[in-house]
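*Asks:* Put together the whole structure using the sequences plus the hints.
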Amino acid sequence: MELEENSPKQNYTEAEKQTIFHGEFMPHINSMYNFAYRLTLDADDAKDLLQDTYLKAYRFIESFQKGTNAKAWLFRILKNSFINDYRKKSKEPSKVDYQEVESYYNSEEVDRQITPDLRVEALKDMIGDEISNALNALDVDFRTVIILCDLEGFKYEEMAKILDIPIGTVRSRLHRARNLLKEKLSEYAKQMGYKTA
Amino acid sequence: MLQIILDGEATSEQKEHFLKNHLEECMPCYKNYHLEVAIRQLLKTKCCKDAPQELVDDIKTKVINNLAS
Chain A
1 MELEENSPKQ NYTEAEKQTI FHGEFMPHIN SMYNFAYRLT LDADDAKDLL
51 QDTYLKAYRF IESFQKGTNA KAWLFRILKN SFINDYRKKS KEPSKVDYQE
101 VESYYNSEEV DRQITPDLRV EALKDMIGDE ISNALNALDV DFRTVIILCD
151 LEGFKYEEMA KILDIPIGTV RSRLHRARNL LKEKLSEYAK QMGYKTA
Chain B
1001 MLQIILDGEA TSEQKEHFLK NHLEECMPCY KNYHLEVAIR QLLKTKCCKD
1051 APQELVDDIK TKVINNLAS
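Order-wise, the sequence lines are chains A and B. Letter 94 of the first sequence, counting from 1, is numbered 94 in the working numbering, and no numbers are missing. Just add 1000 to wherever you are in the second sequence, counting from 1, and you've got the working numbering.
These are calculated hints, taken from the structure and not from any lab test. All values reported here derive from a predicted model rather than from experimental measurement. Idealized CB from N, CA, C, for every residue including glycine. There could be a bad hint or two in this list.
Okay, the calculated beta carbon distance ranges per label pair [claimed, not checked]:
(1) Glu121(A) x Lys1044(B): 13 to 21 Å
(2) Ile1004(B) x Pro27(A): 24 to 32 Å
(3) His1034(B) x Phe60(A): 42 to 50 Å
Dumping the calculated DSSO-like pairs for lysine-lysine here, alpha-carbon to alpha-carbon at most 27 Å [to be verified]:
(4) Lys155(A) x Lys1020(B)
(5) Lys47(A) x Lys1060(B)
(6) Lys71(A) x Lys1049(B)
(7) Lys71(A) x Lys190(A)
(8) Lys1046(B) x Lys190(A)
(9) Lys66(A) x Lys1031(B)
(10) Lys71(A) x Lys1046(B)
(11) Lys1044(B) x Lys47(A)
(12) Lys190(A) x Lys161(A)
(13) Lys66(A) x Lys79(A)
(14) Lys1044(B) x Lys155(A)
(15) Lys71(A) x Lys47(A)
(16) Lys71(A) x Lys17(A)
(17) Lys56(A) x Lys71(A)
(18) Lys17(A) x Lys56(A)
(19) Lys190(A) x Lys9(A)
(20) Lys1031(B) x Lys1020(B)
(21) Lys1020(B) x Lys184(A)
(22) Lys1060(B) x Lys1049(B)
(23) Lys1049(B) x Lys124(A)
(24) Lys1020(B) x Lys79(A)
(25) Lys184(A) x Lys1031(B)
(26) Lys1062(B) x Lys71(A)
(27) Lys190(A) x Lys1044(B)
(28) Lys161(A) x Lys1015(B)
(29) Lys9(A) x Lys124(A)
(30) Lys79(A) x Lys155(A)
(31) Lys71(A) x Lys124(A)
*Replies:* Written out as structure tokens, the structure reads:
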């Protein structure tokens, strides 16, 4: 399992392991569950994924340097477990051409927002599941970057390490994901009877 | 620019210039900024689930009893 290959293996006593686990890993369990749920979109799979991840984290605890970024370390394990064990191996090719997305968003001209017609007032009235559904409707890789950035507050660099992609890709994927999310919210707003901006 | 400011990746000068100067002059950016802030708030309030307590306890117990190895 690939963890931080360049960090030296630590030597912890059993007591130290317990301290690290309960003090540095357990506090993130709710965030981790949330991520697991958004990845699998299934409560039972999410529970299994979460448990697998935490048990792995304990088994490989000597690859973790105490006091460093436990949250990012854990999220990376979870993401890898998801890809290896839970992600449904789809027979269709990916609908999203990531290469195309990247080159478009890395070009100089595109710092202008492509904002669909969406108003703040419409958002304030979305008191039901609209945002949750909109998020779930995104392709898993787009959903992932929004969760890591907007919900969990990871920086681009941390996201790059968690996802094993270059920072440029993190940014272009985020940009695209946000626009897709806005489009979806725009649709909901129209259904709710809002005039477009 | 808007994205890096909202993501906390901008320098404080960039942030200050954008929020204090630019937003006053640029209506599309002003609208966009508030839209993005509203979306993030919506995400934070509506898209966060806590782990079931039973599961949390189960994991804790397994590790305490060193069943993870």
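*Asks:* If you check each hint against the structure, which ones fail?
*Replies:* 7, 9, 12, 19, 21, 24, 29 and 31
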